[in-house]
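J.: One-letter residues, chain by chain:
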Amino acid sequence: MGFSNFFAFVKKESLHIIRDTRTMLIVMCIPILLMVLFGFAISTEVNNVNVAVVAPNRTDGVEEAVDKMARNNYFSFIGYIDNSEIDKYLRSGKVGAVVVFDKDFDRYLAHSLNGIPVKPIIQIIVDASNVNTAGSATLYLQNVLLDKASQQMLFETRLLFNPQMKSAYNFVPGIMGLVFILVCAMMTSVSIVREKEVGTMEVLLVSPVRPFKIIFAKMIPYFLISCIVLILILLLARYLLDVPMSGGVGGIFLLSLLYLVLSLSLGLLISTIAETQVAALLISAMVMMMPILMLSGMLFPIENLPTFFQVVSNIVPARWYIDAIRKMMIQGLSLLDVWKNCLILAGMTLMLIVVSLKKFNDKLE
Amino acid sequence: MEAIVIDNLSKSYGKVKALDNVSFSVRNGELFGLIGPDGAGKTTLFRLLTTLLTPDSGSAKVAGWDVVDDYLAIRSCVGYMPGTFSLYQDLTVEENLNFFAALFGASVRDSYELVEPIYKQIEPFKNRRAGKLSGGMKQKLALSCALIHRPKVLFLDEPTTGVDAVSRSEFWSMLADLKQRGITILVSTPYMDEASLCDRIALCNEGRLLGLDSPHQLVASFQSPLWAIRAKNMYALLEVARRFEGVTECYPFGEFHHLVVTDAFDAEKFARQMNRCDDFVMCEAHPTIEDLFIKLMKR
Amino acid sequence: MNEVVISVRNLTKCFGNFTAVNNISFDVLRGEIFGFLGANGAGKTTAMRMLCGLSFPTSGSGSVAGFDVMKEGEQIKQHIGYMSQRFSLYNDLTVGENIQLFAGIYNLSKAQTEQRSCQLLERLNFSSERNTLVGALPLGWKQKLSFAIANIHEPKVVFLDEPTGGVDPLTRRQFWELIYETAEKGTTIFVTTHYMDEAEYCSRVSIMVDGEVRALDTPRNLKREFAAESMDEVFRVIARGAKRCD
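Taken in sequence, the protein lines are chains H, F and Z.
For the first sequence, numbering that gives the first Met the number 0 assigns the number 0 to the initial residue and increments by one for each residue that follows.
For the second sequence, numbering that gives the first Met the number 0 assigns the number 0 to the initial residue and increments by one for each residue that follows.
For the third sequence, numbering that gives the first Met the number 0 assigns the number 0 to the initial residue and increments by one for each residue that follows.
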């Protein structure tokens with residue numbers, strides 16, 4: 000016994016994976032597809048928003064602001080319209096936003112620059128049928144229309160790190176959080192459950208090999224595949240989507256490895272619960288994916304969730320991972336700065352391994 | 000010494016009693032058959048003996064080890080072929096064999112001489128994926144894999160189900176061969192006609208043993224007179240024969256009907272009366288395991 | 000009684016350059032229990048699919064229940080019954096629901112459905128089980144029930160695929176009795192199996208090897224011809240030289 004049969008297991012497991020080229024391809028393509036999809040197609044980025052302007056007095060200040068906006072790549076200025084036409088333009092979809100200047104725009108702008116409190120002087124009316132785009136468009140418009148000095152006084156909001164609100168930055172950590180669960184948890188659980196279903200597990204159990212060996216041998220090839228996927232994602236993120244990764248790639252990689260192990264253990268746990276491959280797939284898809292999509296901060300900021308779900312989100316590993324990766328990729332923090340997340344993830348991993356090893360019976364009941 | 004000792008073993012799944020107080024033992028080097036239909040508890044018994052399940056009550060020993068306390072010891076000295084084909088379909092014949100050897104820390108070279116008579120037949124296809132083999136060849140590969148670590152006791156759960164008659168007879172002759180080499184074999188089958196190929200058999204149904212002995216002795220225990228009858232219209236014959244005095248049982252049996260009778264049965268009178276049926280034929284029949292099984296089930 | 004219900008002439012089915020069924024011809028009469036035997040991969044399943052209207056022959060001709068296997072596959076399906084050991088009834092429906100489902104599939108009227116399901120349940124002594132889930136029935140009962148349901152539209156031919164595998168000998172006898180009874184009423188029973196003891200019960204059997212019908216006669220005559228004690232022996236002699244396996 001010892002290492003030779005462990006190696007035989009790893010070899011057998013690798014053969015399964017290599018022989019099943021279709022699944023392999025899917026596993027490799029899903030991350031690329033998701034990256035491209037979220038990076039380009041599904042974006043909350045403001046891109047080429049048509050903007051009309053309502054200005055009772057076309058003063059120098061107004062013209063200057065409009066000019067600044069028109070020169071910006073993200074907005075197309077389509078012309079001045081009348082107050083009464085706002086609704087018509089927005090409804091017909093000709094414009095995505097209308098900027099309404101106060102008739103005393105110049106005067107109030109001067110006041111505000113001198114530190115005298117003023118009422119709002121610009122109204123932004125946005126087509127909010129797409130909430131995400133609307134939100135970003137509003138913020139970005141504010142940013143563009145008024146220069147920094149006046150902005151500081153007129154708006155509370157400031158856009159740091161990602162001033163253009165590029166959604167790719169936002170989504171890359173989310174995709175990573177999702178993909179590794181998909182690849183690791185789903186594939187390991189399905190491959191273990193397949194052996195139960197086909198009946199080979201019966202033969203494996205009636206052998207002197209201890210269950211933890213069977214399990215770790217299964218994890219190794221999937222871990223390696225996941226590493227390849229990880230490298231692929233990081234390359235795509237860096238060179239295709241221009242994610243800065245200012246916190247250092249090493250830290251991101253290390254944290255991701257931890258997350259991989261966590262996902263594998265999760266797969267293991269699923270395999271101890273599920274009796275059929277279909278059940279394993281459903282559990283990993285529904286029970287794993289939904290919380291990741293909804294509660295991890297990938298799509299919706301956690302702060303916006305109802306309190307109950309905010310509490311629940313604490314047990315979603317992806318939440319901690321995505322949060323940490325976001326901080327490292329975009330904010331430029333280092334691995335040490337996100338130690339709390341690392342600790343939580345490590346703790347979760349340990350717990351999952353212990354629980355699933357306990358649950359992974361060497362009997363059939 | 001006894002290779003398997005089973006003592007009052009019971010196992011239930013929820014309310015269903017899969018195995019109900021079963022006791023018997025299998026001698027060293029014996030080819031022992033467990034014969035019964037689906038739901039007789041054969042698979043449950045195999046899983047208990049191979050330590051995949053824990054008994055609710057009772058105890059059992061395999062190769063001298065207790066199935067509960069020494070289950071790890073049992074696992075390294077038994078070979079097990081479950082009812083479903085349980086090899087890796089996406090691995091080749093050779094890869095499967097190597098894997099199962101490594102699983103038990105054995106090497107193919109050391110045990111080759113034991114599996115050779117069987118493996119030789121599929122060796123020409125050693126680079127073929129196991130999933131692409133015919134039913135008979137799959138069985139041979141599965142048997143080779145179950146033997147590769149030179150087990151003392153071999154458990155074969157319905158190895159011949161779904162296999163055609165030619166492969167089935169080949170399989171049984173391989174078992175006879177293994178028995179010659181001193182391996183104890185416990186084999187289950189739903190086919191009564193395979194009973195005669197075993198040294199001893201246990202007839203089981205719904206978790207209980209109906210009888211246990213050598214096939215020969217069991218058949219001899221049938222005792223009641225048995226007739227075989229045939230006519231052109233088999234269905235009508237069945238109905239008429241059942242109403243006749245002294246007939247306890249009349250049931251279809253291949254091209255005949257079997258007639259189980261009491262001493263009150265007057266064969267000549269019966270023949271005279273039945274001669275009105277077209278092509279009526281009547282002769283004394285030798286009971287088979289199947290006749291006995293039916294009799295024991297009715298009791 | 001001599002009405003021909005299944006007639007097959009030179010039936011051939013090729014997949015690419017592999018001839019699965021090679022030029023087979025035979026007739027099956029009304030009320031016969033016809034055993035269609037063969038080793039794994041001999042072409043049994045392919046031949047039976049053609050007879051059930053599930054696939055079209057490459058060449059040759061045949062008729063089942065009066066319909067052409069070349070052109071009238073749909074009509075054939077309406078006029079035959081089918082029961083396989085692997086699938087026949089829905090375990091998560093009750094006995095009554097299963098009956099209604101299959102009655103519906105074969106377009107029986109409401110009155111017919113009611114009448115036949117009562118008849119059927121009575122014949123099987125199942126009347127009290129009408130609302131039991133099929134999954135909760137013992138295997139033997141399930142098989143009897145599914146045979147009865149395959150007959151619900153009173154087809155001319157019923158195809159049975161390994162009908163009694165794994166059943167205890169007693170239930171098995173009851174099953175054959177049911178088959179005898181049905182055949183007696185004029186239904187043709189077409190049994191495919193590779194268990195030779197099932198073959199013993201048939202009025203005539205054919206044995207396929209490598210896509211061809213190698214033997215066709217009553218079990219009695221075949222056993223005499225091959226000087227064999229059982230059909231199992233007959234089969235082994237005939238199939239021993241098979242080149243093909245699945």
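Hints may contain errors.
[To be verified] Computed list of lysine-lysine pairs in DSSO-like fashion (alpha-carbon distance at most 27 angstroms, straight line):
1. F:Lys16 with H:Lys10
2. F:Lys178 with F:Lys151
3. F:Lys16 with Z:Lys184
4. Z:Lys184 with Z:Lys141
5. Z:Lys70 with Z:Lys109
6. H:Lys326 with H:Lys339
7. F:Lys231 with H:Lys195
8. H:Lys212 with H:Lys357
9. F:Lys14 with H:Lys358
10. F:Lys14 with H:Lys10
11. H:Lys362 with F:Lys14
12. F:Lys231 with Z:Lys109
13. H:Lys10 with H:Lys212
14. F:Lys151 with H:Lys195
15. Z:Lys141 with Z:Lys155
16. Z:Lys141 with F:Lys14
17. F:Lys231 with H:Lys362
18. F:Lys151 with H:Lys362
19. F:Lys119 with H:Lys10
20. F:Lys16 with H:Lys358
21. H:Lys212 with H:Lys326
22. F:Lys268 with H:Lys195
23. Z:Lys155 with F:Lys231
24. F:Lys131 with F:Lys119
25. F:Lys297 with H:Lys195
26. H:Lys195 with H:Lys212
27. F:Lys151 with H:Lys212
28. F:Lys297 with F:Lys16
29. Z:Lys141 with Z:Lys109
30. F:Lys60 with H:Lys362
31. F:Lys297 with Z:Lys222
32. F:Lys178 with F:Lys125
33. H:Lys195 with F:Lys14
34. Z:Lys184 with F:Lys231
If you are wondering where the hints come from, they were derived from the structure by calculation, not from laboratory data.
J.: A separate judgement is required for each hint: does it hold in the structure or not?
T.: These are the hints, each one checked on the structure:
1. F:Lys16 with H:Lys10: violated, 41 angstroms
2. F:Lys178 with F:Lys151: holds, 11 angstroms
3. F:Lys16 with Z:Lys184: The given pair, whose Cα atoms are some 40 angstroms apart, is violated under the 27 angstroms limit.
4. Z:Lys184 with Z:Lys141: holds, 22 angstroms
5. Z:Lys70 with Z:Lys109: violated, 31 angstroms
6. H:Lys326 with H:Lys339: Given that 27 angstroms is the threshold and the Cα spacing comes to 12 angstroms, the pair holds.
7. F:Lys231 with H:Lys195: It is violated: about 51 angstroms lies between the C-alpha atoms, which goes past 27 angstroms.
8. H:Lys212 with H:Lys357: holds, 14 angstroms
9. F:Lys14 with H:Lys358: Measuring from Cα to Cα gives roughly 24 angstroms; hence the hint holds.
10. F:Lys14 with H:Lys10: Not OK: Lys14 (chain F) and Lys10 (chain H) at ~43 angstroms, beyond 27 angstroms, violated.
11. H:Lys362 with F:Lys14: Judged against 27 angstroms, a Cα distance of about 21 angstroms means the pair holds.
12. F:Lys231 with Z:Lys109: violated, 38 angstroms
13. H:Lys10 with H:Lys212: holds, 13 angstroms
14. F:Lys151 with H:Lys195: holds, 26 angstroms
15. Z:Lys141 with Z:Lys155: Roughly 22 angstroms separates the two Cα atoms, so the pair holds.
16. Z:Lys141 with F:Lys14: Holds, at about 20 angstroms.
17. F:Lys231 with H:Lys362: With a Cα-Cα distance of about 55 angstroms, the restraint between Lys231 (chain F) and Lys362 (chain H) is violated, given a limit of 27 angstroms.
18. F:Lys151 with H:Lys362: holds, 21 angstroms
19. F:Lys119 with H:Lys10: At roughly 25 angstroms apart (the allowed maximum being 27 angstroms), Lys10 (chain H) and Lys119 (chain F) satisfy the hint.
20. F:Lys16 with H:Lys358: Satisfied, since the Cα-Cα distance of roughly 26 angstroms is no more than 27 angstroms.
21. H:Lys212 with H:Lys326: Status violated; Cα separation ~37 angstroms.
22. F:Lys268 with H:Lys195: violated, 61 angstroms
23. Z:Lys155 with F:Lys231: At roughly 21 angstroms apart (the allowed maximum being 27 angstroms), Lys231 (chain F) and Lys155 (chain Z) satisfy the hint.
24. F:Lys131 with F:Lys119: Distance of about 18 angstroms is within 27 angstroms: holds.
25. F:Lys297 with H:Lys195: Cα-Cα ~38 angstroms, so violated.
26. H:Lys195 with H:Lys212: holds, 16 angstroms
27. F:Lys151 with H:Lys212: Distance of about 25 angstroms is within 27 angstroms: holds.
28. F:Lys297 with F:Lys16: holds, 20 angstroms
29. Z:Lys141 with Z:Lys109: Distance of about 24 angstroms is within 27 angstroms: holds.
30. F:Lys60 with H:Lys362: Given pair Lys60 (chain F), Lys362 (chain H) holds - Cα atoms ~17 angstroms apart, limit 27 angstroms.
31. F:Lys297 with Z:Lys222: Violated - the C-alpha atoms of Lys222 (chain Z) and Lys297 (chain F) are around 31 angstroms apart, more than 27 angstroms.
32. F:Lys178 with F:Lys125: holds, 26 angstroms
33. H:Lys195 with F:Lys14: holds, 24 angstroms
34. Z:Lys184 with F:Lys231: holds, 15 angstroms
Checked against the numbered hints listed earlier, the structure breaks hints 1, 3, 5, 7, 10, 12, 17, 21, 22, 25, 31; every other hint is satisfied.
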